[in-house]
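Trainee: Taken in order, these protein sequences are the chains called Y and W.
Quick note: the first sequence uses the numbering used here, first residue 1, plus one each step.
Quick note: the second sequence uses the numbering used here, first residue 291, plus one each step.
If you are wondering where the hints come from, they were derived from the structure by calculation, not from laboratory data.
Treat the hints loosely; a few may be bogus.
[As the list claims (entries may be wrong)] Pulled from the structure, derived: some chain Y residues nowhere near chain W, Cβ distances all over 10 Å:
#  : residue
1  : Arg81
2  : Pro86
3  : Ser94
4  : Ala104
5  : Pro126
6  : Thr129
7  : Leu139
8  : Asn140
9  : Ala149
10 : Val150
11 : Asp173
12 : Glu212
13 : Val236
14 : Val245
[As the list claims (entries may be wrong)] Covered, in the sense of this in silico footprint (three residues per stretch, anywhere, with C-beta under 8 Å from a C-beta of chain Y), are these stretches of chain W:
#  : region
15 : 407-415
16 : 419-431
17 : 554-560
18 : 596-604
19 : 628-636
All residues carry an ideal CB built from backbone N, CA and C; glycine is no exception.
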Amino acid sequence: MSNFLTQTIYGVSDGAILALAALGFVLIYKSTGVINFAQGEFLLIGAYTVYAAFVVFQLPLVLAVVVGILFAIVMGVLIERLILRPLVGESAISVIMVTIGLAAVLKAVAQLFFGTRAVTQPAVLPRTTIELAGATFPLNRILVIVIAAVVLTLFTLFFQRSRHGIAMRAVADDQQAALTLGISVRRIFAMAWALAAVSALIGGVLLGDITEVSSRLTTFGLLVFPVVILGGLDSVPGTIVGGLVIGLSGQYVSSYWDPGLAQIAPYLLLVAILLVRPYGLFGETRIERV
Amino acid sequence: MSATATGVYHRSYRRESALRHTKAEYFRLALMIVGLLVTPYVLDNYWLSIVNTILIAVIGAVGLNILVGFTGQISLGQGGFLAIGAFSSALLYQRADLPAPLSIACAVVITAVAGALFGLPALRIKGLYLAIATLASQEIIVFVARRWTFLRDGSAPLTVDRLSLGSFEIERQYFEWQWYWILLTFAVLAVLAARNLFRSSLGRSFMAVRDQDIAASAIGVNITRAKVTAFAVSSGFVGLAGALSAHYTETVTWEAFTLDVSILYLAMIIVGGLGTIAGSVYGAAFMVLVPVFIQETVGAVGDSVPVLLSRVPAIEQVVFGLVIIFFLLFEPRGLAQIWQRMKDYIRFWPFRY
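For reference, chain W alone in the conformation it holds in the complex:
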């Protein structure tokens, strides 16, 4: 009888810092790739549009998790940064006639700079005070977006022309299908970039600031630099999400970037798991799918219980709040931890640990 490995052992530093260690992980990766490649051929347009929304949310959630989950700086300003990304990309594309990739790239840079600026208070305050300061910046950004007529087409919200680049153009018929590939590319790149960020010294310095800022500065982490970069990097991701959503939805209005959106994104990373990249993905998918699921259920039973139909938004909000509360009380480390426990259970079976 041959011995079985009972754990993951590393024989070199190279192996230890690798992203994947076991055959099972490669197998899951292959399965995921196949799944992502097949998705657009299996789903109809409605479900594909939901998948596209999830992909944008993934980018935004990864960005917010870099700031909140990995650096420990709580931010209620997510909606505001999404707005900056969306409006700058839309304006550059629409009014300055920049090609789409350039306008999106500019939007990322602009949002990153804005994020660094709004992150400056974090150098002096933290925790509760920082939450309130970012709440103020959220309200101020939305106010500007609401009142500045430059950000509108007359009295109508700003519209963005259908995405085109050179001879390539998004076609009406294949709209969701083509966007799926564009958004998937961006989402995969964003996830990979974030995953690798936390294998670098910069990412490690973020985590050191989160865990114990005084100890971090004692071992030579430049806290000022780490915090400002964390705000900039995180806002860069969020700006990308905002810019993509502007081109995807083809209208940009301040109503899409209110405080509720900030809270929704915070809920995503809490449900998914603070401080894990995979968690941001699970959380984004979960929080986008919950209202869809509620609508489907209410639609199915709506004929027999008609009173439910008029109460759908309220039901969604109740479930939304309960999901946040339940996860914080019973699984504060989120879906990522649940997944981890499931894997461990299978790996150690028939033993408990």
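Same shape as in the complex, but just chain Y:
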């Protein structure tokens, strides 16, 4: 029982990070219609920029995170402006492939600067454990869940309350109508990429802190696909539920059944969902049927 509770905490914290990564993915898909295969690499770049600012340049942690966020914003805007905008209206294959090419470049650039081995970064979140209800919980995992929850709440508030957030939802709903109301769709596109990079950065930093900062972060990034398919490609609450389901199922399968199977359990789940409910649990049922 106590083991079960511990596994649950591990699963929920994995899921919370996945939800952050998936949130960026959904943001981009919802407002620009692009499937971003580089989301995992965004996690990686985010973790490495904060590492560079924090460890290499010896900045204080808060400043390092601010630098990381600024870098993520600039990167997101530049990627949108230089790579994605010329491809607006092109076929799905071109758009998917351009993000795959982008993923290769980002991952390799990180490798050029930091090598392939994991870099050492002092643990930021405390690595102690706490006892609760007869089970031991790692404190850093619990803090990850708290931080992710706060960030996700902030993002939700942003979409519900702020002018820009509402404008983003308007563009996602109907681009032409948004244009006639004077919303700059271009700016919204750039913002979507910037915010996606920021949410991936937070996810990447958290994941790097509880595991390690290495190129293996991108494998975690691939799990974004099962998450968004489960939650629905265009649903923000769906990413949270999807992230939690994938995170928990991964942990349970790996601890109670077979660690190797846990790597593809999310994909098996994905195929099952595509067969039964291709638009996901919360997605709009506007899927194009053939």
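Chain W: place on chain Y using the hints.
Mentor: Just chain W now, with coordinates in the frame of chain Y:
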């Protein structure tokens, strides 16, 4: 002064559906044949092995282009299908003692059937969803290949005996040379088969599904049939490439069939040109040669800039990604289109068009 023909005009349907129309095309064909015949006598073993890799890649790229370029069904499962072809041919040859041609043929059929099965989701979903579904099938196939001990020799990867048939045997000394002729035969047959497929009604129905599936069904194309056959035919080619690579490399391990391989093949057909057979050939050659070229360059300047040597894989990946991005942004129709433009420029010279 006699008039010169300013375009290609056809006077009969037979002429129009011919593969080649002009004398220049026959001339280029003759030049290409001579080039291919001379190649093994000019190149040393190292370069011949690269040419052999290209020939296998050509078969795989043609297969993927049938699916992605001609039928418009995006697939990230190429690596998985290569794995099915390679493992089935290797197992049939090694454990069931089938003669090589039979094991390769069986591998083609098995991969085609597997492709049709994995293509079934394409009947209900398309575009982005299909890409993700094929990504899942890729991960699942590689997982099976990694975990199933039957697909290994104990703890070592599956090895395949040197190819032999009756009294013919590949000799160590002439290894690359003999394989060149075998692979060239298969590659030429594959290219011809694919080229002719798109002169038949089946191939035309693939293209109709790609261009507008609803319109295609309105004019009587059976979409279900077209899609499932496209997956089967494409996987058949890919299975052939996988089987040949198993016999050529003589080891089969799951590491050769990861998602990166799927992406590499997609890059080949995008760089070469989606929806052109010639493009698959150019793209396969290009994407195989780029890392070789990088290695040669780094090797040449490596003495003066030693830091480059340790970064070769990363440099290759950066170039790989940039090549994909640049082609999509600046020449989405690929090398085939560049070649076409060059030919047009010469043909219309001194006029612009």
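Trainee: Work down the list of hints and note, for each, if the structure agrees.
Mentor: Okay, the hints, checked on the actual structure:
Even its closest Cβ contact with chain W, about 12 Å, leaves Arg81(Y) beyond 10 Å, as expected for a residue assigned away from the interface. For Pro86(Y), the shortest C-beta to C-beta distance to chain W comes to about 5 Å, within the 10 Å cut-off, and the non-interface label is violated. Under the 10 Å C-beta cut-off, the non-interface status given to Ser94(Y) relative to chain W is violated; the minimum distance is some 5 Å. The beta carbon of Ala104(Y) sits about 3 Å from the closest Cβ of chain W, which is not more than 10 Å, so the claim that it is off the interface is violated.
The Cβ of Pro126(Y) sits about 34 Å from the closest Cβ of chain W, beyond the 10 Å cut-off, so the non-interface label holds. Every beta carbon of chain W lies more than 10 Å from that of Thr129(Y), the smallest distance being close to 33 Å; the non-interface claim holds. Distance to chain W confirms Leu139(Y) as a non-interface residue, since its nearest Cβ pair spans about 33 Å, more than 10 Å. No beta-carbon of chain W comes within 10 Å of the beta-carbon of Asn140(Y); the shortest separation is about 29 Å.
The Cβ of Ala149(Y) lies farther than 10 Å from every Cβ of chain W, with a closest approach of about 27 Å, so its non-interface assignment holds. Every C-beta of chain W lies more than 10 Å from that of Val150(Y), the closest at about 30 Å, which supports listing it as non-interface. Against chain W, the non-interface label of Asp173(Y) holds: every CB pair exceeds 10 Å, the least being about 19 Å. Annotated as non-interface, Glu212(Y) keeps its C-beta farther than 10 Å from every C-beta of chain W; the closest such distance is 19 Å.
Every C-beta of chain W lies more than 10 Å from that of Val236(Y), the closest at about 18 Å, which supports listing it as non-interface. Distance check for Val245(Y) against chain W: the nearest CB is about 16 Å away, which clears 10 Å, and the non-interface claim stands. Restraint check on the region 407-415 of chain W versus chain Y: 5 residues with Cβ-Cβ distances below 8 Å, three needed, restraint holds. Here's how the region 419-431 of chain W fares: 9 of its residues keep a CB closer than 8 Å to some CB of chain Y, so the rule of at least three is met and the hint holds.
Counting residues of the region 554-560 of chain W whose beta carbon lies closer than 8 Å to any beta carbon of chain Y gives 3, which meets the minimum of three for the stated coverage. Coverage of a stretch by a chain is defined here by at least three residues with a beta carbon nearer than 8 Å to that chain's beta carbons; for the region 596-604 of chain W and chain Y the count is 3, and the condition holds. Only residues whose C-beta sits within less than 8 Å of a C-beta in chain Y count toward coverage, and the region 628-636 of chain W has 0 of them, not enough to reach three; the restraint is violated.
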